[in-house]
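Sequence lines, in order, name chains A, B, C and D.
Take the working numbering: the final residue in the first sequence is number 141, and no numbers are missing along the way.
Take the working numbering: the final residue in the second sequence is number 141, and no numbers are missing along the way.
Take the working numbering: the final residue in the third sequence is number 141, and no numbers are missing along the way.
Take the working numbering: the final residue in the fourth sequence is number 141, and no numbers are missing along the way.
Honestly, the hints are just simulated from the structure, not real lab data.
Check each hint, because a few of them may be wrong.
[Said to hold, decoys possible] Selected chain A positions facing chain C (in silico; Cβ < 8 Å):
hint : residue
1    : Phe6
2    : Gly15
3    : Asp18
4    : Ala19
5    : Gly21
6    : Ala26
7    : Phe44
8    : Tyr47
9    : Trp126
[To be verified] A few chain D positions that, by computed beta-carbon distances, are all more than 12 Å from chain C:
hint : residue
10   : Phe32
11   : Gly45
12   : Arg53
13   : His61
14   : Pro69
15   : Asp73
16   : Arg109
17   : Ala132
18   : Pro133
Predicted model only: the values in this text are computed from it and were never measured.
Note that CB positions come from ideal geometry on N, CA and C, so glycine has one too.
Number of protein chains: 4
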Amino acid sequence: MGRPFEHQIRVRYGECDAQGVVFNAHYLAFFDMNITELWRAAFGSYQAMLDRGVDIVVAHAELQFRAPARFDEELTLAVSVSRLGTTSVLTEHRIRRGEHPVVDGSLRHVFVDPRTLAKTAIPEWVRRGLAPWMLDASNP
Amino acid sequence: MGRPFEHQIRVRYGECDAQGVVFNAHYLAFFDMNITELWRAAFGSYQAMLDRGVDIVVAHAELQFRAPARFDEELTLAVSVSRLGTTSVLTEHRIRRGEHPVVDGSLRHVFVDPRTLAKTAIPEWVRRGLAPWMLDASNP
Amino acid sequence: MGRPFEHQIRVRYGECDAQGVVFNAHYLAFFDMNITELWRAAFGSYQAMLDRGVDIVVAHAELQFRAPARFDEELTLAVSVSRLGTTSVLTEHRIRRGEHPVVDGSLRHVFVDPRTLAKTAIPEWVRRGLAPWMLDASNP
Amino acid sequence: MGRPFEHQIRVRYGECDAQGVVFNAHYLAFFDMNITELWRAAFGSYQAMLDRGVDIVVAHAELQFRAPARFDEELTLAVSVSRLGTTSVLTEHRIRRGEHPVVDGSLRHVFVDPRTLAKTAIPEWVRRGLAPWMLDASNP
C-alpha cells in the first residue's frame, strides 16, 4: 500500500533553457509520462485503457519547483494515486535527483467517454488496476 | 487598476497532441510567454530586468484546464499581478478563445540575485513597473 | 513571380537551450509554421485543404545553420515554392534576423489521400493557389 | 569497424501531433540525443568534452522520413560517424521500429573553441574516441 511507481529519465539537451536548467513547462510533460508509465503498470498500456472504452482528460495541475535539474542528469520520477473519486483521479508526482527533490506536484484527471467526452464513472477494473499505487486513505 | 495585460497567439501544429488539442504542458509555456510580454510592457524587456541586476525563478504553478484549444485557433493570453510580496510575485493567467475560457492559472516567481541565486528583495522600480497590471488589493 | 511569403515570430524563452540560442530542432518546427502560413495565404487555411479532400505528409527536410538566434529576438520567416511535381511540393525556407541569415533549408511534402495515406496527384486548385509564391522555373 | 552506436527510446504522448504520429521536428531532437549518447560512449559525456576545451555546433541537418512512428512505440536510434574532417564531423542517423525504417538522416557539426566560437581542429583524442563508430572509409 502506498508505494509509488518509479522510473528514470535522463534530461535532454533541448529540454534545458538559457539558464542551463530544465525549462519549467517540461516538468508538466514529465508528469504526463508518469501517467503513461503508471497506466502501463496498471493496465498494460494507455491504449489498453482506450480499448476498454474510457479515456482521461487533465483537469488540474499543480507544480512546486524545489531545485533545478540540469542537462544529462538522471531523474527519478515517482507517482502514486492519492484519491479515486466517482469520475476523477488525483495523482501525486515527485521528481528527484538522487535523494534531492526537484519538483513535486499533482494532476487531476477526469474519466470520459472517448466518443462524447462526457464524464463517466471510473470502471471497477480501473480501481483494481490502480490499487497497488493508492496512498493509504487513513494516512495520506 | 486591475486591467490584465493581453496579447494573442495562434496554436501551432506541433503543439497539438494525438487528441487533436493543445498538449497540456504547452499551456505552462504559454504562461511563461505571458511573463515575457508583461515584463516587456513593464520594463522594456526581460533582458532589461537582468541588466538592472535581478532575475526571477519560478517557484509554483497551478493550471485549471477548462476547455481544449485546437490547431490554428487564435488564443488571447491575459496576465495580471495579484500579489507582490517582499521577494515573490504572484501572477494570474487566463487563456481564452474569444470569450470561451480555455485555461486559468497562476505562477509564483521569486526574485533572485543572478550571481548567487539567493532570494533578493523586489526593487522599487519593479513595483512601479508592474503597478498598472496589479489587481486591486481591496477587490482581489 | 518568385516573391516569398513572409511573416515574423519572436523567439520564446523555452525554445533556447543551455548555449542561450534557439535549439536546432525548433527550426524544423518553424519551417512547419511556414507551411501553415503559406497554406493560409494560398487556400484560406490548412483545414480548408483538408476539407477539399487532400492532405500532405513531410518526406524530406534539409537545414543549413548559418548563425544562432537568441531569446526575444524577432525573426523573419520566408517561404517560397521551388518545385511542384506530380504528387510532391518542394518549399524553400529562409529564416533571418533583420538582414542576417540564421537558417536556410527546404522541405519536400507529398500529397496524400487522407483516408488511405496513398500518394495522390496535386489538384489543379493547389497549383493555382501556390502560383504567387512559385520561384521562376527559368531562374531558380 | 562501422558498427553503429544504438540505444532505445519510447515515443512520448506530447511528441505526437494531431495526425497521431511523431511530429517531424522531434526527429531532429532525437538525432541530437544520438550525439549525446555517442559522446557518452566515446568520451564519458558531452560535459567531459567541454571540460577538455572544445565544443560543437550544428552546421547542417538532413532528414528522410520513411514511415510514421506512434505514441508509446519503442524506437531504436542508431548513429555512426561517416566523416571526420579537419574541423567538422558528419554523423549518420537511422531511426527504426523493430526492423522498419522510420527516419534516416545526417548531421554535420563543427568543432569550436567554446570561448570564441571560432572553428578549431578536431583534437586527436576525439578521433580516437569516435574510431569504434567510424564507417569504413573504403566502404562508405
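*Measuring from the C-beta of Trp126 (chain A) to each C-beta in chain C, is the shortest one below 8 Å?*
violated (34 Å)
*asked:* So, as I understand it, the hint says Gly21 (chain A) touches chain C; can you test that by seeing if any CB pair is closer than 8 Å?
replied: For Gly21 (chain A), the interface hint holds, since the closest Cβ of chain C sits about 4 Å away, which is under 8 Å.
*Verify that the Cβ of Gly45 (chain D) lies farther than 12 Å from every Cβ atom of chain C, and report whether the claim holds or is violated.*
holds (18 Å)
*Holds or violated: is the Cβ of Phe44 (chain A) closer than 8 Å to a Cβ in chain C?*
Since the shortest Cβ distance to chain C is 29 Å, the answer is violated.
*Just checking, His61 (chain D) versus chain C, shortest CB gap more than 12 Å?*
Since the minimum Cβ distance to chain C is about 6 Å, His61 (chain D) lies within 12 Å and the statement is violated.
*Minimum Cβ-Cβ distance from Phe32 (chain D) to chain C exceeds 12 Å*: Non-interface label fails for Phe32 (chain D): nearest chain C Cβ at 8 Å, not farther than 12 Å.
*Hey, does the Ala19 (chain A) contact hint survive, CB to chain C under 8 Å?*
holds (4 Å)
*Any Cβ of chain C at or closer than 12 Å to Ala132 (chain D), or is the non-interface label fine?*
Given a closest Cβ separation of 26 Å, the condition holds.
_Proposed interface contact between Tyr47 (chain A) and chain C, which counts if any beta carbon pair is under 8 Å_ = Since chain C brings no Cβ nearer than about 23 Å to Tyr47 (chain A), farther than 8 Å, the hint is violated.
*Using 8 Å as the Cβ threshold, decide whether Asp18 (chain A) counts as touching chain C.*
holds (6 Å)
*Does the claim that Arg109 (chain D) lies off the interface hold, with its Cβ farther than 12 Å from every Cβ of chain C?*
Per Cβ check, Arg109 (chain D) is inside 12 Å of chain C; nearest 9 Å; violated.
_chain C contact restraint for Phe6 (chain A) - C-beta distance below 8 Å_ = violated (28 Å)
The structure is inconsistent with the numbered hints 1, 7, 8, 9, 10, 13, 14 and 16, although it conforms to all the rest.
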